[in-house]
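Modelling step: build the complete structure from the supplied sequences, incorporating the hints.
There are 2 protein chains.
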Amino acid sequence: MATVTEPTGHMLIAGTPVFGAGRHVRAVNPATDAELEPPFGHGGAPEVAQACEAADAAFDAFRHTTGARRADFLETIADNIEALGDPLIARAHAESGLPVARLTGERGRTTGQLRLFAELVREGSWAGARIDPARPERTPLPRSDIRQRAVGLGPVAVFGASNFPLAFSVAGGDTASALAAGCPVVVKGHDAHPGTSELVGRAVTDAVTSCGLPPGTFSLLFGLGPELGIELVTDPRIHAVAFTGSRQAGLALMSAAAGRPRPIPVHAEMSSVNPVFLLPGALTDRAPELGAEFAASLTLGSGQFCTNPGLVLAVEGPALDRFLDAAAAAVQESTASTMLTPPIARSYDSAVSALAAQDGVSVLARGHQSGQPNGCRAALLATDAEAFLGTEELRQEVFGSCSLVVRCRDAVQLTEVADALEGQLTATVHATTSDQAEARALLRVLELRAGRVLFNGWPTGVEVGHAMVHGGPFPATSDARTTSVGTSALDRFLRPVAYQDVPAALLPSAVADGNPDGLWRRIDGELGRH
Amino acid sequence: MATVTEPTGHMLIAGTPVFGAGRHVRAVNPATDAELEPPFGHGGAPEVAQACEAADAAFDAFRHTTGARRADFLETIADNIEALGDPLIARAHAESGLPVARLTGERGRTTGQLRLFAELVREGSWAGARIDPARPERTPLPRSDIRQRAVGLGPVAVFGASNFPLAFSVAGGDTASALAAGCPVVVKGHDAHPGTSELVGRAVTDAVTSCGLPPGTFSLLFGLGPELGIELVTDPRIHAVAFTGSRQAGLALMSAAAGRPRPIPVHAEMSSVNPVFLLPGALTDRAPELGAEFAASLTLGSGQFCTNPGLVLAVEGPALDRFLDAAAAAVQESTASTMLTPPIARSYDSAVSALAAQDGVSVLARGHQSGQPNGCRAALLATDAEAFLGTEELRQEVFGSCSLVVRCRDAVQLTEVADALEGQLTATVHATTSDQAEARALLRVLELRAGRVLFNGWPTGVEVGHAMVHGGPFPATSDARTTSVGTSALDRFLRPVAYQDVPAALLPSAVADGNPDGLWRRIDGELGRH
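Residue numbers (the UniProt record's numbering), protein chains in the order written: chain A, 1 to 530; chain B, 1 to 530.
Simulated from the structure, these hints should not be mistaken for laboratory data. Computed from a predicted model, the values in this text were never measured in an experiment. Glycine included, every Cβ here is placed at the ideal spot set by N, Cα and C. Treat the hints with care, since some could be wrong.
[What the hints assert, rightly or not] Covered stretches of chain B, going by a simulated chain A footprint (3 or more residues, C-beta under 8 angstroms): (1) 253 to 262; (2) 437 to 445.
[To be verified] Some chain A residues judged to face chain B by a derived CB distance under 7 angstroms, without partners named: (3) 130; (4) 134; (5) 147; (6) 474.
Structure representation (structure tokens):
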């Protein structure tokens, strides 16, 4: 049970609250610009070293816990987060400006995610067990007994993201999946919501204690963005990195990780404009409805989603005009909602202004000011395909409720634009049966450009399940071979090990004779619970 | 059917023989130092661009071939390699100095590998299909239909290795697994065996033609090591790299790939000393036999294996002395066998001399000279744990039949040495039941340090199967999360894509309703052929 429901300003290093000796920072309520108590002391190199040393010391015992015990731990974290009750939501609301209803939903997503990984770990087949039995009779050489299972990489550095103070932060998907994989976690909390981070961090720390796990299984640090982050990523005891944030910060972490004496994998989710393709049949059938739905997706949560629809592509004509009329009207009627932090709101305003000032870009609609600080006035802009293809600046993500419509001359030009897109988290197609040939061709292009391709919907809203891919080719992420949401996220922190002729008494249970854990295993390549 | 059984000196770019305009090189028979005809013309940047452009153009059609068709292609390559008959073995023997029997076995391994991947691709479950069906009734929000399958990354650059002119070269495991994944391949052939490379390259090219695949599915280039290699790795149309070779070259490729505007994954297998732990019970029981077996593994194929046992660790005492006596006697009786190339033989000699000259290192035995050029005189050296732990130079791989024995004071020091080891491809333990407690503790350490841990055997000999891991933590490889041998090798070239609410008519067959391909799939996380 979590016992503290008000933040105290401490980092949590292997179970011990530590007030950092560095700069003191306070969270800011973006809805009022007021500073929130208490101050948080930034940590530095010594605290990174302490946390990493403790994580390293915890690794061997933690990775050898049974699946059942690790599942209990994940569920206890979920229980402890729920036990924090309204004060957690109130603090997250004050720190992020996000509505209480949204944060309540996000808390459910966070605890649901922890429980989903608990289920996965309890079941155990994530170890990917394979057995190629010995063939002593084989000629010219007998075959050895070879068994494979996955083990955790080692301590993982997790960076909290600003835009999901619960679901992509201290006990979010990265932490849940790394812990599920048997890897201790050192989190760098985001300065936008340190109080929320501390409360959740205490929920995790309490779970570590009550589950009898080594204290170094979890630590939470605060510190200056680039400095502390690089210090953490370059610590020799860290074996992998998970990050959600800006392209610039993600690239800096990738470069630091690649430059280590022993390079380590970085899973950075960085930037995506999430193109939406409106095909002619869909536009003809439903232009006004699509316009309204699009505006709703765009303005949801001030557009502060990795999957915000920042780019719309369609062939010009009366149907597109009707779509734009409806979308522009909805955007114009929208009232600015509070952004996560004052710097994010300032960045948004200047990015929209810079985009609007580009040659060939026109502003179709802006939302209302709210009269409150740090509001996000939605922005709908338009350009044509030539300008889009010729201007690098038009293809950058703007974080917030801003979208650019690219008018294409014809279907050929639409495909040309699709071909020219960088890697994306999502790509969306609106199509009816009359669009089928074009949709089929587009899908072939888009499945190479995006981690998730969706039809007749909107990209915001990332389901946590078994089939989800929240990932995609660079620069959407640093490693397209993975996902940061859904059960496959666990695989990011594993590596396979082969055991050849290891005596039965020493074999890990995942690959032991008789399948004591009841896992799905491949025997000579054949899957079965055997 | 392959039609050319003598090499002509050409590169093969998307089906077209091209004689490079760069430096002319001839293979050298290391057994005689004689140059072999014909000359091979090195290619450069234009040929890299041509091959990559063709691979890029081929990708979409090639990745959309059915599993059955891709399987036929892989099997046709295997058939074509076999159809090359004795001239292929003769050329490989002349170029590598490797015995005919070994090369005949290696050919079987190569074709067996191609056929194993054919089987895998024909079966189809490698796509990792997952379906989370829609739940329209769910509150507060309905759930979309989400399906996941893997797609190939794109064209792959493969670097042929010198030490396996067939199994880790033009149509080796990297090429087989990349093609199986639906990725076109551009091979940089190794200058140590250009004729073998061309013959095998023609076998692949002929298979591309007879199977009606796009010509860019396969190209073979020759060129200056670093220059052409970096050109290939930094070509924007290349999406992944597979390499087996030296640490220095591997690091250069990793750095080039990380420095691209769009970084790509590199699977480099680089260096490993493959520690062998002799526990007291095993030594007491079988010291002389172990010594003889060890010497046989060490001198096999001039020690030119990634998994050569280059390091032996044991507690000092009479049993270790008996082991060393037996090993030294066998090494002394061994006659130098030809190494792969004159530069490799020179490097071996100077590396052994440098190691022998280190403080605290003594030479226990050297093999005989053979009187022929480029012979590898086996070398058995010894040191103690203090020297080993204190001297970086003692922990480097020597490519060839050289091994260093580290005498430890006691079991504690043995574990200390194990803890200090870098990442390895393999780690070996010799133990009896009386060693069980120590073996168990060691296994916990070694499974974090090596891709494969084996008991009571020798690390040379890497089985091609489903459970094999030929990989391991850095610097053994650049990415411990994978293997370059065995069916899991295919996964290196895949990424997952999620399809959300994609109309049934447009869904890829791997995730289509009714499971038309009969695959293993996860539905709501449950595995089944459903």
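Against the structure, the hints:
{"no.": "1", "hint": "253 to 262", "in the structure": "holds (count 4)"}
{"no.": "2", "hint": "437 to 445", "in the structure": "holds (count 4)"}
{"no.": "3", "hint": "130", "in the structure": "holds (4 angstroms)"}
{"no.": "4", "hint": "134", "in the structure": "violated (10 angstroms)"}
{"no.": "5", "hint": "147", "in the structure": "holds (6 angstroms)"}
{"no.": "6", "hint": "474", "in the structure": "holds (5 angstroms)"}
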